[in-house]
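Quick note, the sequences are listed as chains W and F, same order. Take this note's numbering: the last position of the first sequence gets the number 124, and nothing is skipped along the way. Take this note's numbering: the last position of the second sequence gets the number 130, and nothing is skipped along the way.
Fair warning: there could be bad hints in the mix.
Distance condition first, Cα-Cα at most 25 angstroms in a straight line; then the derived PhoX-like pairs of lysine-lysine [to be verified]:
(1) K2(F) with K21(F)
(2) K11(F) with K63(F)
(3) K63(F) with K64(W)
(4) K2(W) with K22(F)
(5) K11(F) with K21(F)
(6) K100(F) with K64(W)
(7) K36(F) with K2(W)
(8) K21(F) with K55(W)
(9) K21(F) with K78(W)
(10) K2(F) with K55(W)
(11) K2(W) with K77(F)
Here are some chain F residues the structure puts well away from chain W; computed CB gaps all over 12 angstroms [said to hold, decoys possible]:
(12) K11
(13) W19
(14) K22
(15) K57
(16) D64
(17) P67
(18) P91
(19) E96
(20) G108
(21) G109
(22) Q120
Source of the hints: derived by calculation from the structure; they are not laboratory data. Even glycine gets a Cβ: it sits at the ideal position worked out from N, Cα and C.
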Amino acid sequence: MKYILLMSGTRAGVEAYHASPKQDINAHMAVLHRINQDLAESGEFVATQRLTEPKEAKVVRGEKNGLPVTDGIFPESKEFLLGYWIVDVPNAERAYAIAGRISAASVNMPIEVRQFATYEAKSR
Amino acid sequence: MKYILMMNTMKSGHGVPSWPKKDLQAHIAFMIGLNKELHERGELVSAEGLSFPDQAKLVCAGKDGRPITDGVFPESKEFLAGFWIIDVDSPQRAYEIAAKASAAPGPGGVPLNMPIEVRQVMSGPPPDML
């Protein structure tokens with residue numbers, strides 16, 4: 001069963017993180033790196049990605065003529081996706097345990113856990 | 001350059017949409033066609049749909065490190081319905097693809113013109129953080 005673990009935060013939260021001491025950021029990164037290694041070793045790792053800063057995010061809508069309309073203005077309260085992990089695990093409890101470990105490494109930030117839809121509405 | 005296109009369109013408690021079956025089929029056919037086109041152009045990295053928000057959980061570590069799960073979300077929260085990761089030459093191309101996905105057909109075949117959040121995917125942490 002594939003799950004995605006989503007880490008989100010506001011623009012203000014991201015700026016506060018970048019203002020924290022470099023050694024704290026390094027220690028945080030080291031723990032996340034260790035978690036990735038453990039998941040790779042247990043065969044549960046599928047993918048992980050970090051996204052660029054919320055200030056570079058755009059929202060796009062299709063116009064009637066099909067041309068893209070881009071906008072970069074978001075409400076201050078908006079939570080942006082900062083990064084995610086995709087894991088392949090035997091049950092939901094295991095996905096929650098991994099999310100708990102990521103949360104503990106990241107000032108107990110809440111991690112949203114969602115299962116992948118199982119229907120094959122895609123082509124690779 | 002890799003980008004993620006996110007459909008952040010659903011609200012709390014949302015289940016399978018109650019559209020007429022033929023409209024749902026047309027929507028899914030459009031998505032399959034879009035993924036096929038991106039795949040043929042060599043731009044598709046991955047595309048996934050997520051289960052509905054009524055099954056989402058929020059997990060925090062407790063003091064003892066054990067996971068604490070919660071399924072209660074603010075009503076205003078936007079949920080990720082699905083995403084594409086694409087590998088394209090420019091942000092403009094990412095916006096073009098997002099606009100195409102935005103205009104996916106909804107009930108009665110009318111384009112949804114839903115907002116798609118576009119974010120560049122980092123290739124990895126900065127080297128001095130490793």
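Handout entry: Violated hints - listed by number, lowest first
Key = 1, 2, 3, 4, 8, 9, 15, 16, 17, 18, 19 and 22
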